[in-house]
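Colleague: Model the full structure from these sequences, guided by the hints.
So for the sequence shown, the working numbering puts the first residue at 1; every next one is plus one.
Treat the hints with caution; some may be incorrect.
Said to hold, decoys possible - Straight-line Cα separation of at most 20 Å, SDA-like style, residue types lysine to any residue; simulated pairs: (1) Lys35 - Leu47; (2) Lys13 - Leu27; (3) Lys35 - Asn52; (4) Lys87 - Thr18; (5) Lys13 - Ile86; (6) Lys84 - Asp26; (7) Lys29 - Leu96; (8) Lys66 - Leu28; (9) Lys69 - Ser30; (10) Lys35 - Leu14; (11) Lys87 - Ser30.
Claimed, not checked - Label-pair distances were calculated between CB atoms; the ranges are: (12) Asn10 - Ile75: 27 to 33 Å; (13) Leu96 - Tyr57: 20 to 26 Å; (14) Glu48 - Gly17: 36 to 42 Å; (15) Asn60 - Lys84: 30 to 36 Å; (16) Lys80 - Asn60: 27 to 33 Å; (17) Glu48 - Ala81: 43 to 49 Å; (18) Ser11 - Ile75: 31 to 37 Å; (19) Lys80 - Ile15: 15 to 21 Å; (20) Gly17 - Asn52: 44 to 50 Å; (21) Asp54 - Lys87: 37 to 43 Å; (22) Ser93 - Lys29: 20 to 26 Å.
Think of the hints as simulated: they come from the structure by calculation, not from any bench. Because the structure is a prediction, the values reported are computed rather than measured. Glycine is no exception: its CB is placed at the ideal position from the N, C-alpha and C atoms.
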Amino acid sequence: MSTTTQTLVNSLKLIDGTFTPMHTEDLLKSFINTKINYHKLHRLIILEGDHNNDTAYDNNRIHELKADKIHLSEIIAFAKANNKNIKLKSTISIELTDQ
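Modeller: Given below as structure tokens:
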């Protein structure tokens with residue numbers, strides 16, 4: 001069975017600008033925390049029906065995101081110590097796939 005993928009011409013530009021370290025920290029940590037909460041909720045929903053279900057993906061993703069928060073803190077600390085702003089660009093590309 002083959003899967004057809006179509007890339008949409010448009011994408012979503014979520015972030016594009018230069019921010020102070022504090023604004024960067026607020027923005028990105030909020031985003032990361034939202035992603036962590038999403039995976040925690042997803043894991044809970046999976047386990048609610050059957051405690052033997054595999055939640056390895058969500059567990060791994062939560063650990064990755066927590067590591068990303070630590071790395072972000074290091075970048076923020078460096079920017080603050082060196083009186084730097086931070087340029088952020090984030091674009092989401094959207095693809096449709098068959099189910």
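Colleague: All hints, please: hold or fail.
Modeller: Status of the hints after comparison with the structure:
{"no.": "1", "hint": "Lys35 - Leu47", "in the structure": "18 Å, holds"}
{"no.": "2", "hint": "Lys13 - Leu27", "in the structure": "15 Å, holds"}
{"no.": "3", "hint": "Lys35 - Asn52", "in the structure": "24 Å, violated"}
{"no.": "4", "hint": "Lys87 - Thr18", "in the structure": "4 Å, holds"}
{"no.": "5", "hint": "Lys13 - Ile86", "in the structure": "17 Å, holds"}
{"no.": "6", "hint": "Lys84 - Asp26", "in the structure": "16 Å, holds"}
{"no.": "7", "hint": "Lys29 - Leu96", "in the structure": "29 Å, violated"}
{"no.": "8", "hint": "Lys66 - Leu28", "in the structure": "12 Å, holds"}
{"no.": "9", "hint": "Lys69 - Ser30", "in the structure": "10 Å, holds"}
{"no.": "10", "hint": "Lys35 - Leu14", "in the structure": "15 Å, holds"}
{"no.": "11", "hint": "Lys87 - Ser30", "in the structure": "17 Å, holds"}
{"no.": "12", "hint": "Asn10 - Ile75: 27 to 33 Å", "in the structure": "30 Å, holds"}
{"no.": "13", "hint": "Leu96 - Tyr57: 20 to 26 Å", "in the structure": "22 Å, holds"}
{"no.": "14", "hint": "Glu48 - Gly17: 36 to 42 Å", "in the structure": "40 Å, holds"}
{"no.": "15", "hint": "Asn60 - Lys84: 30 to 36 Å", "in the structure": "32 Å, holds"}
{"no.": "16", "hint": "Lys80 - Asn60: 27 to 33 Å", "in the structure": "31 Å, holds"}
{"no.": "17", "hint": "Glu48 - Ala81: 43 to 49 Å", "in the structure": "45 Å, holds"}
{"no.": "18", "hint": "Ser11 - Ile75: 31 to 37 Å", "in the structure": "25 Å, violated"}
{"no.": "19", "hint": "Lys80 - Ile15: 15 to 21 Å", "in the structure": "20 Å, holds"}
{"no.": "20", "hint": "Gly17 - Asn52: 44 to 50 Å", "in the structure": "46 Å, holds"}
{"no.": "21", "hint": "Asp54 - Lys87: 37 to 43 Å", "in the structure": "39 Å, holds"}
{"no.": "22", "hint": "Ser93 - Lys29: 20 to 26 Å", "in the structure": "24 Å, holds"}
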